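Visitor: Here is how the chains run, residue by residue.
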Amino acid sequence: MFRRKSNLFLIWIVFLLGLLGGLCGHTVIRQKADLLILQRRSEMVKSLELTDLALFTDARYTRHPSMADLNTAFQDYPMAFDYFPSGAILSVPPHLKKRQGE
Amino acid sequence: MIQLQNIKKVFHMGKPNEFVAIDGIDLSISSHQITVFKGPSGSGKTTLLSLIGSMARPTAGRIFLFDREITSLPERFLTEVRRKTFGFIFQQFNLIKGLTAIENVMTPAYPSGEKRGSLAKRAYELLNLFGMAQKASVRVDWLSGGETQRVTIARALINHPSIIIADEPTAHLDTKLSIEFMDIMGKLNQEGKTILIASHDPMIHESPLVHRVIEMRDGKIIRN
Amino acid sequence: MTWIEKQRNILDYTLSSLFRRKGKNLALIGVYTCIVFFLASVMFFTYALKREAALILKDAPEMMVQRLLAGRHDLIPLDYGEMIQKIRGVESVKGRLWGYYFDPTNGANYTLMVNEKHFDSGSVIIGKGIEKNLPGDQFGTLPLKAQDGSYLFLKIKSTLSSDSELVSSDLILISETDFKKIFAIPEGYVTDLTVRVRNPKELTTIATKITQLLPDTRPILRDEILRTYDASFNWRGGLLLIILLGSILAFVILAWEKASGLSMEEKREIGILKAIGWETSDILLMKFWEGTVVSLSSFLLGVILAYLHIFFSSSVMFEPVLKGWAVLYPKFRLTPFIDFYQVVALLFLTVVPYTIATLIPSWRTATIDPDMVMRG
Amino acid sequence: MILHPAILALSIGSILISLMLILSAYFGLLILKKWDLKSGSEVQLSLERKTYLISTVMAYAFSFQVLSFFLFIYTADHLSPLFSGAMCAAGTLNVNRWGYPTFLLKMINFLFAGLWLIINYTDNRAYDYPLIKWKYGLLLFAVPLILAETIIQTSYFLGLHPDIITSCCGALFTPEKQGITSSLIALPRLPLEVLLYLGAGLSIGEGVVFYWKGKGGWLFTFTNGATLIVAALALISFICLYIYELPTHHCPFCILQSEYRYIGYPIYMTFLGSGVSGIGVGALMKARSIESLKEIAPRIQKRLVIFSLLCLTIFLIISGYQMAFSNLKMVF
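Residue numbers (the numbering used here), protein chains in the order written: chain A, 1 to 102; chain B, 1001 to 1224; chain C, 2001 to 2376; chain D, 3001 to 3332.
Next up, chain A with everything else stripped away, as it sits in the complex (with noise of 0.2 Å):
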């Protein structure tokens, strides 16, 4: 007589639900094809002792995190802002901010 929207909108859902199901299924399949590729980049900070994304290259101290160290923050001289728009988005190190009453 008439489609019942609520099976409509079950359709809906389900069509949704279909789709994220093939993304997962898209990561599955990258995954797999990405592996040499991952590889090919392991070995490489293997063989060239490497330690640090190069993901944030505009100052030392976002170039490479785990070099970083007390002063990091404060790159010139004491006073000076972090004025490097990827130092705001890193984490300060967390010992200036808790360790220091300890």
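By construction, these hints were calculated from the structure, which means they are not laboratory data. Just so you know, these numbers come straight off a predicted model, no measurement behind them. C-beta: ideal position from N, C-alpha, C; glycine also. A hint or two may mislead.
[Unchecked claim] Partial list, computed: chain A residues near chain C (C-beta under 10 Å):
id : residue
1  : Lys-5
2  : Leu-8
3  : Phe-9
4  : Leu-17
5  : Leu-23
6  : His-26
7  : Thr-27
8  : Val-28
9  : Gln-31
10 : Asp-34
11 : Glu-43
12 : Lys-46
13 : Ser-47
14 : Leu-48
[Claimed, not checked] The following residues of chain B were derived to be distant from chain D, with all beta-carbon distances above 12 Å:
id : residue
15 : Asp-1023
16 : Thr-1035
17 : Leu-1119
18 : Ala-1120
19 : Leu-1173
20 : Gly-1186
21 : Pro-1202
[Claimed, not checked] Simulated restraints on C-beta separations:
id : chain 1 : residue 1 : chain 2 : residue 2 : range
22 : B       : Pro-1016  : C       : Thr-2002  : 43 to 53 Å
23 : D       : Leu-3019  : A       : Leu-17    : 28 to 38 Å
24 : A       : Gly-22    : D       : Leu-3019  : 37 to 47 Å
25 : A       : Gly-22    : C       : Tyr-2100  : 37 to 47 Å
26 : D       : Lys-3294  : B       : Gly-1042  : 43 to 53 Å
27 : D       : Lys-3302  : A       : Trp-12    : 38 to 48 Å
28 : A       : Arg-40    : C       : Ile-2243  : 27 to 37 Å
29 : B       : Ser-1162  : D       : Tyr-3197  : 25 to 35 Å
For chain A, the structure is supplied; the task is to place chains B, C and D on it using the hints.
Guide: Leaving out everything else, chains B, C and D in the frame of chain A:
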């Protein structure tokens, strides 16, 4: 069948705009009759019907429906009583705009969890009874006054009520349709339904089908 | 069974009532989808980056030893390496020579690193990011200014593969002689030491021994680097989330507005429903379904769009934010990693505020007097 | 504080729910003071309307409680790499002193919210709302607990400082934390196992008696509760070992991970389900003597007993299966 004992309804009690709508009514209504409440607007007819139809609770007094007191029932149960016992026909029809005629008829039965198929069948039969079968899937906004009226009656009957309450049902209808309405009410009454109508339309209280006319003024019954 | 039929009946009604107010509801779903889209994008991005970092760095040296002078890195003598080598459990110690070089023509920072294996002096291997930024007219050579003001013209031997851009975008591999010439590093010194150990369980003990033996050094473990990356990506993602929380708040206010600012007609509709036999809890149920329809549709749509954004379009919208002022930004395509748990967290983060915001307005609506329709 | 999406989600969710519950508690107080069903006054009508809001809030709070319980454990598990010495959720919860109290409160509040909903469901079926005072009394008792959970959970999250490389030496020399995993008591197995099966047998027996004769509801609740406590101890002290197939790993959280096929979820759900419905049976004993609930309460109780026993049985089957088909063989 319906008994009212010293019923009072006060709105905004204790506030400056306090208003006594019903002022101590005792009344007993017997079944299988058509009872008409008449009186000018503001006389308390509508409030009385909403109290009987368990849409609102009285401030004081007691109401018995089939010998069961419904006055102190919480809303949850009152609604159940209302759904199972009463069918309502309102002054402004109060159909839900944008829905088709048949959906409107089915709406009151949704919460009871009836299967859609059997419900639709019943609604269709009711519409057919009033000659509205071919308009079942037309949106109610596009129906004429008379058609709207018939959909409203069909809706009132979907839950097999034993009592039908109509509030100023003919206010927006012309003479021909008003007569048609009373004919339908007469037929329903013959099938055993109790009918309560509030109206100041002479067409209704002078109708030969009516068993009893109760006249009200200022929240009191002045003639029975 | 009646229970299921009841839910379906009410859902039917809810959907038709939503359809009747198409414009309003589509706008709401649109905004909701956008919010989920942004939040999910942030989450997908940071999670994939985190996983990528963890996978890449799992082969990094297990420990680095740096020397500190006045709180800053200083060159470390090679003798230190020999001393560390003697600690039991240490497999190998290597000195690394590396540093930064600022190229004024490009305005970019390069990371220079000595790699003795690949070539002799006079040539370099450069990262993809540098190659992209080189002016076209200096094909094949890279001029680097040395400490004493002279220039070294180094032959570009090859470029590092683009697969590795995430770690090597700004990298210049250079011979030891050239490196020492540029920076005037004294003989017998290196930038830092990398240590590999035989049994990873002894890492901590070895590190303790190193600090006791050489109090002016600090050892850094690979696990700590990973942890720091984890924390900083969490932080970064979280920071964006905090900013976006503002938009959630705005959305919640919108939802609240929409739910409480019912038009006269809608109120009347609820009144009619109640008068003809719907109970308050039925109306609440209807409102519950309304929320479910809106939330579920927007949430799923938002997540799907975010996935497409991050893993199909390489997160175009985030690039400028993450780049900062870096001239050399690695072009990288993330390998998708989805964490189901993150999706659940996102569901919490969006649906709970929406539900709570609409709770009181729905309840207000649901408790409209049924006799209001009779009073006209 | 770690700005992790799940932490934000849990904190915001808890705070919002708490705000709603404060409102509910206030309304509950009004209801306790002024409730008079006989009256049709506007005050009474507005109170009746408020009951709908409170029910809805509690239903949402309950669902939130269930989901957040698992999300919380999962988050703790997820964050464990950030803390040196923490191998899984057990270690992360131990990072500061608020971790385990939060976990416990989440469990307790789940029981309270569930119990409240059971009573509310029953009460709403009687035309005179006979349990109303009791119900809102319980609400006033439960709300502070949930508020406490929110506060403690927030302090827990605020007190989470990941161990990160520091200036002089890296995080290395933060003292190794003693993993709670190893310190969870491994109780003697044989008496525990005897107690568990004895308790389960008794519960099932009492449940069946209660189902047919309608007697011994309190006894059932008590036995069921005691059995579940024994079950929890048994889970930690030996059932886990079979799941992990390691003779020393007692952690009750790792079973929620994919490596163990998420076996922890059904275990926890059946455990909590049996607990809440078992308590529900006892709580409704009082209602049996109330005129308007005479027929309704026993019917609900029967359903609860069945549900509780079903959960308990599934719990036993799952753990029994794990023990029988584990590669770990233990001699004791």
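Visitor: Each hint: holds or not?
Guide: How the hints compare with the structure:
1. Lys-5: At 4 Å from the nearest chain C Cβ, Lys-5 of chain A passes the 10 Å test, so the hint holds.
2. Leu-8: 7 Å, holds
3. Phe-9: 6 Å, holds
4. Leu-17: 7 Å, holds
5. Leu-23: Since chain C brings a Cβ to about 5 Å from Leu-23 of chain A, closer than 10 Å, the hint holds.
6. His-26: Status holds, d = 7 Å.
7. Thr-27: Hint holds; Thr-27 of chain A Cβ to chain C Cβ min 4 Å, cut 10 Å.
8. Val-28: 9 Å, holds
9. Gln-31: 6 Å, holds
10. Asp-34: Holds, because the Cβ-Cβ distance from Asp-34 of chain A to chain C comes to roughly 4 Å (cut-off 10 Å).
11. Glu-43: Holds, because the Cβ-Cβ distance from Glu-43 of chain A to chain C comes to roughly 7 Å (cut-off 10 Å).
12. Lys-46: Hint holds; Lys-46 of chain A Cβ to chain C Cβ min 4 Å, cut 10 Å.
13. Ser-47: Since the shortest Cβ distance to chain C is 7 Å, the answer is holds.
14. Leu-48: Because about 6 Å separates Leu-48 of chain A from the closest Cβ in chain C, which is inside the 10 Å limit, the hint holds.
15. Asp-1023: 15 Å, holds
16. Thr-1035: About 23 Å separates Thr-1035 of chain B from the closest Cβ of chain D, which puts it past 12 Å; holds.
17. Leu-1119: At roughly 25 Å from the nearest Cβ of chain D, Leu-1119 of chain B sits farther out than 12 Å, so the non-interface label holds.
18. Ala-1120: Ala-1120 of chain B clear of chain D: closest Cβ-Cβ about 30 Å, beyond 12 Å.
19. Leu-1173: 34 Å, holds
20. Gly-1186: 35 Å, holds
21. Pro-1202: 34 Å, holds
22. B:Pro-1016 to C:Thr-2002: 43 to 53 Å: 48 Å, holds
23. D:Leu-3019 to A:Leu-17: 28 to 38 Å: For Leu-3019 of chain D and Leu-17 of chain A the Cβ distance comes to about 32 Å; the hint holds.
24. A:Gly-22 to D:Leu-3019: 37 to 47 Å: Holds: the Cβ-Cβ distance is about 39 Å, inside 37 to 47 Å.
25. A:Gly-22 to C:Tyr-2100: 37 to 47 Å: 45 Å, holds
26. D:Lys-3294 to B:Gly-1042: 43 to 53 Å: This hint holds: roughly 46 Å between Cβ atoms.
27. D:Lys-3302 to A:Trp-12: 38 to 48 Å: 39 Å, holds
28. A:Arg-40 to C:Ile-2243: 27 to 37 Å: 36 Å, holds
29. B:Ser-1162 to D:Tyr-3197: 25 to 35 Å: 58 Å, violated
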